[in-house]
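So the protein sequences, as listed, match chains V and R. Using this note's numbering, you'd call the opening residue of the first sequence number 1064 and step up by one each time. Using this note's numbering, you'd call the opening residue of the second sequence number 5 and step up by one each time.
Any given hint might turn out to be false.
To be verified - Pairs of lysine-lysine, BS3-like flavour, derived with a Cα cap of 30 Å:
id	chain 1	residue 1	chain 2	residue 2
1	V	Lys1733	V	Lys1777
2	V	Lys1777	V	Lys1281
3	V	Lys1709	V	Lys1607
4	R	Lys83	V	Lys1070
5	V	Lys1777	V	Lys1607
6	V	Lys1070	R	Lys95
7	R	Lys74	R	Lys99
8	V	Lys1070	R	Lys74
9	V	Lys1281	V	Lys1253
Because the hints were derived from the structure by calculation, they are not lab data. The model shown is predicted, which means the values in this text are computed figures rather than measured ones.
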Amino acid sequence: MFGRKRKLEDFTSEIESHIQLEIERLREQGLSEEQARATARRSFGNLMHAEEHFYESSRWLWWDHFWQDVRYALRMLRKSPGFTAIAVLTIALGIGATTAIFSVVDAALLHPLPYPQPEQLVSIEDDLPGAGARDVGMSEPEWQDLRRPGIFEYISPTQFDENNLTGSSRPARVRLLIVAPNYFALLGVKPQLGRAFNPEDHSPGLLLEVLISDGLWKRAFGGDPHILDRSIRLDTDLYRIVGVMPPSFDAPGRTTEERNIEAWIATSFYGPPMSDHPPRSGRNLPTAVARLKPGLTIAAAQSRLDAFVATLQKEFPEDYPKQSAWTVRLLPLKERVVGNTRQSLILLFGAVGLVLLIGCVNVANLLLARASARGREMALRQALGAARKRRVSQLLTESVLLSLLGGIAGLAILLSAKGFLLRLLPDSLPRLNEISINLPVLLFALGASVVSGAIFGLVPALQADRLDLTPRLKQEGRGSTGSGQQARTRRILVVIEFALSLVLMVAAGLLLRSFRDLVNVRLGFTPQNVLAVRTRLPYPNDPKTDTYATPEQEAPFFRELLRRSRALPKVEEAALGDTASIPLDESLRDLKLISEGQFLFTVEGGDSQGREPAVAERSSVTPEYFHLLKMPLLRGRLFEDSDNDKAPQIAVINEAFARTYWPDQNPIGKRFRRARADSPWITVVGLIANARTESLAEAGVPKIYLDLYQTGGKRLAIFLRGNLDTAAISGEAREQVQTVDPTLPVSDPQTLSDTVSASLSERRFSMEIVALFALTALLLAALGIYGVISYMVSERTQEIGIRMALGAESSSILQMVMRQGFGLAIAGAAVGLVAALLVSQLMAGLLYGVRPADPLTFVSVALLLIGVALLACYIPARRAIRVDLLITLRHE
Amino acid sequence: MSTQDANQRLELLQGTLDLLILRTLIFGSQHGQGIARAIQETSEKELLVEHGALYPALQRLEERGWISAKWGISSNNRKARFYTLTAAGRKQLVKETNKWKRLTGAIARILGPQGAKG
Chain V
1064 MFGRKRKLED FTSEIESHIQ LEIERLREQG LSEEQARATA RRSFGNLMHA EEHFYESSRW
1124 LWWDHFWQDV RYALRMLRKS PGFTAIAVLT IALGIGATTA IFSVVDAALL HPLPYPQPEQ
1184 LVSIEDDLPG AGARDVGMSE PEWQDLRRPG IFEYISPTQF DENNLTGSSR PARVRLLIVA
1244 PNYFALLGVK PQLGRAFNPE DHSPGLLLEV LISDGLWKRA FGGDPHILDR SIRLDTDLYR
1304 IVGVMPPSFD APGRTTEERN IEAWIATSFY GPPMSDHPPR SGRNLPTAVA RLKPGLTIAA
1364 AQSRLDAFVA TLQKEFPEDY PKQSAWTVRL LPLKERVVGN TRQSLILLFG AVGLVLLIGC
1424 VNVANLLLAR ASARGREMAL RQALGAARKR RVSQLLTESV LLSLLGGIAG LAILLSAKGF
1484 LLRLLPDSLP RLNEISINLP VLLFALGASV VSGAIFGLVP ALQADRLDLT PRLKQEGRGS
1544 TGSGQQARTR RILVVIEFAL SLVLMVAAGL LLRSFRDLVN VRLGFTPQNV LAVRTRLPYP
1604 NDPKTDTYAT PEQEAPFFRE LLRRSRALPK VEEAALGDTA SIPLDESLRD LKLISEGQFL
1664 FTVEGGDSQG REPAVAERSS VTPEYFHLLK MPLLRGRLFE DSDNDKAPQI AVINEAFART
1724 YWPDQNPIGK RFRRARADSP WITVVGLIAN ARTESLAEAG VPKIYLDLYQ TGGKRLAIFL
1784 RGNLDTAAIS GEAREQVQTV DPTLPVSDPQ TLSDTVSASL SERRFSMEIV ALFALTALLL
1844 AALGIYGVIS YMVSERTQEI GIRMALGAES SSILQMVMRQ GFGLAIAGAA VGLVAALLVS
1904 QLMAGLLYGV RPADPLTFVS VALLLIGVAL LACYIPARRA IRVDLLITLR HE
Chain R
5 MSTQDANQRL ELLQGTLDLL ILRTLIFGSQ HGQGIARAIQ ETSEKELLVE HGALYPALQR
65 LEERGWISAK WGISSNNRKA RFYTLTAAGR KQLVKETNKW KRLTGAIARI LGPQGAKG
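Kindly generate the complete structure, drawing on both the sequences and the hints.
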């Protein structure tokens, strides 16, 4: 493949034959053998020249040049191991870090979802913008309707649930996804063992079949190959195992919990245990995924869907009041999985790109310094006739080779540290297990290396090109010889480096302040010393077998559980709530949405304004909850024992709720009710202070607390306050719960402090990484300015010597040197501040509590940078004033 | 064929060698030495063709596809590389010949009377 078009030997033999023919002709004319040979050669002209000409015109000359350059470059790099090591290491860290972040970006954002024709997969979200609610879920009749207009191949609602798996050694909590029978056909995924659900099954109620995950199969059943057709008990009902999903299969969910489903059951979402005729307005299907008909784009599907939604609204005006402005939104399924991590990942990628760029500038600076040392070599090459193109390509080859070596070293570091790095990633990051060093990632690393090599090689190469031969050749081996031009370029590079570092440090500073503000935010509740243990009451498919069917039936269980919990050693207080009452808990987002959390209601009262449905957060708790979390009652009363399910429904609301719906009024005694025709009125009895239980970043989210004894609850959290030992309490709590009912699963305890901190895990991760990058950038910038100032000092050693000999104070010399560095730092900071202002605007969405143009951050970062610059200059400046007069003067 | 002899000959103008080679090959395939000899002899030894310069030209023409080459046996039983005019080469020859005629015609008209005197 890399052979020349025509071999040199072929050409040589042609010329030989030519000379032979010529000799023969001349002999015929009567010349002697010797004369003929001489004449033939003479008339041929310069043999060497012809051959050279042939050689150069052959097509693969660049290849020879290239190899020549590579060999030479390798020799040069070997000759200065110190320089090579520093440059390779700088690039290795840059490329390694960039590639690491890229592999995460690649897996999370760039890869299509691991299902066939992923571009046809969408997530369906229902919004009620009029009621200020997004993604409120759909109802069963709507699901049936959406199948009609021929937009979707398949639609499947999905509902995340926890469930009790009994029948193994002890009751265990499993993550369950309730889907339509067409769910796996929709995704296009087949089980590794057995079969999926029959997608055409529309029988009412639950299909008593279950598919289990590879993880559950191995953990609970030891990977038994004869698992099919065995029955397991979920809650109290028996399900037949029909299939085992492959280990690589991940459900396309929003949260970690939803991505790690362990069992799937299917239903047509009507018929017992659900309603035979689910109401159109009962949005109890939290999420839905769908596969579009082949050839339909999302935009086309959306416009057809909009038209269809409009006809439904006309058909059922009662269920879709104009004010709530019901819309159905399609978005790529991938968006749902990736969610809001996109912005953080792009930030990280930008930050690491800046670090790499700063590394490049640093290496460019090193190369320039070396280029001035190699000035004579270059001048000599030019004098000997090396063409401009060849000299530039020689230098570029050197830098790209350097950068490739750096890239290889970076990849090696990355591969060996891969396990460690993966552990640093927060669990909440989507598609974690798809991260790998695959071909695109390798190509990225290669591309990044070549591009960085070109970036940091181009400046010195073009510099070296502009040589003035005579002064160069005259300098007989005197060390450094940087021309004015070169010194200027190096100063510009340092300014760039400072500007880039400042941008990164401002970004880090803003994230740091946001994070600190979030951590120090007044929560409005006290998570310290509080543990939550979860349990779940069964939901049998046949309501007749349900021993916890009504709040009245559940109440004795709640009381007994509380009594036993309070009796546990070291427990000072205990309370019960549903899982929505666990502050800042993200793990069951969808569950909260439907059955517990978001609550569609209308308030009682005069103006029509008040009768529009609105949405608020809600949870059901026992009265001890407020005292346990130290949430002060401002007005009215809390729940009392007399408030049972026979008594009128009551609620405690927070200030934000009162301010939103009854501004400047006493909320006590006001009423509201669920946005359903037959719902009873709920009377407000108490007002509680705002607490950041829903979101750390938002101070006042309207919230309703209902009485657990009135509403009942299946997914329960037991709150325990006291100086408790997590490990010990785990077993004790389980024992107490299972003494009351041995079939109930008990989760490991979670401390509320951990929950609060986990809700910050993604922010913490991106802040830490950006801060680390910013520190690296600062270090590189300091090294850069140190290099330039040291160089300047060594250049001006004689001048300094003479000045001192003429009586200059050493302090004035020190000042002179420092002024140089200060000027560079100020210039860099000025450019950087402008750039940082632009970049910080893009980050606005990631900030909390600080403005993107926060003056404090900008000023302190600039001061820090300048301080570090001065420190880096001080070392060479000290050296300047310690110049030995005699030695420097003799130098001349 | 002395050195002096050679010095008095005309040096070829840039670009004319290609034209001469193509023209020579119109009579059939020929090897390099044959082409050189033919150019010299048809020009009544007025033109100086440095044989060494012939080969890069042949190489160039071959790369452009105007001539093709094949090893063969010469009339006196020597192995030699024979060049043949291709169809594209033939077209090129017509084009170049026309161009050359226009050029020399124009130059001749400018130089006209003076040239005749000289």
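- [ ] Would you check the hint for Lys1777(V) and Lys1607(V), treating anything up to 30 Å between C-alpha atoms as holding?
- [x] Holds, at roughly 16 Å.
Task: Hint consistency between Lys1281(V) and Lys1253(V) [alpha-carbon to alpha-carbon, up to 30 Å] - done: Holds: Lys1281(V) and Lys1253(V) sit about 18 Å apart, inside 30 Å.
Open item on the list: Hint check: Lys1777(V) vs Lys1281(V), CA-CA at most 30 Å. Holds or violated?
Closed with: holds (28 Å)
Task: Holds or violated: Lys1709(V) to Lys1607(V), with C-alpha atoms at most 30 Å apart - done: Given that 30 Å is the threshold and the Cα spacing comes to 21 Å, the pair holds.
Task: Straight-line alpha-carbon gap Lys1070(V) to Lys74(R), limit 30 Å - done: Measuring from Cα to Cα gives roughly 14 Å; hence the hint holds.
Open item on the list: For Lys1070(V) and Lys95(R), compute the direct alpha-carbon distance and say whether it is at most 30 Å.
Closed with: holds (29 Å)
TODO: Would you mind confirming whether the straight-line C-alpha gap from Lys1733(V) to Lys1777(V) stays at or under 30 Å?
DONE: holds (28 Å)
- [ ] Decide if the proposed pair is consistent with the structure: Lys83(R) and Lys1070(V), CA atoms, cutoff 30 Å inclusive.
- [x] Holds: Lys83(R) and Lys1070(V) sit about 17 Å apart, inside 30 Å.
Open item on the list: Can you confirm whether the C-alpha distance between Lys74(R) and Lys99(R) stays at or below 30 Å?
Closed with: holds (25 Å)
Consistency note: the structure conflicts with none of the earlier hints.
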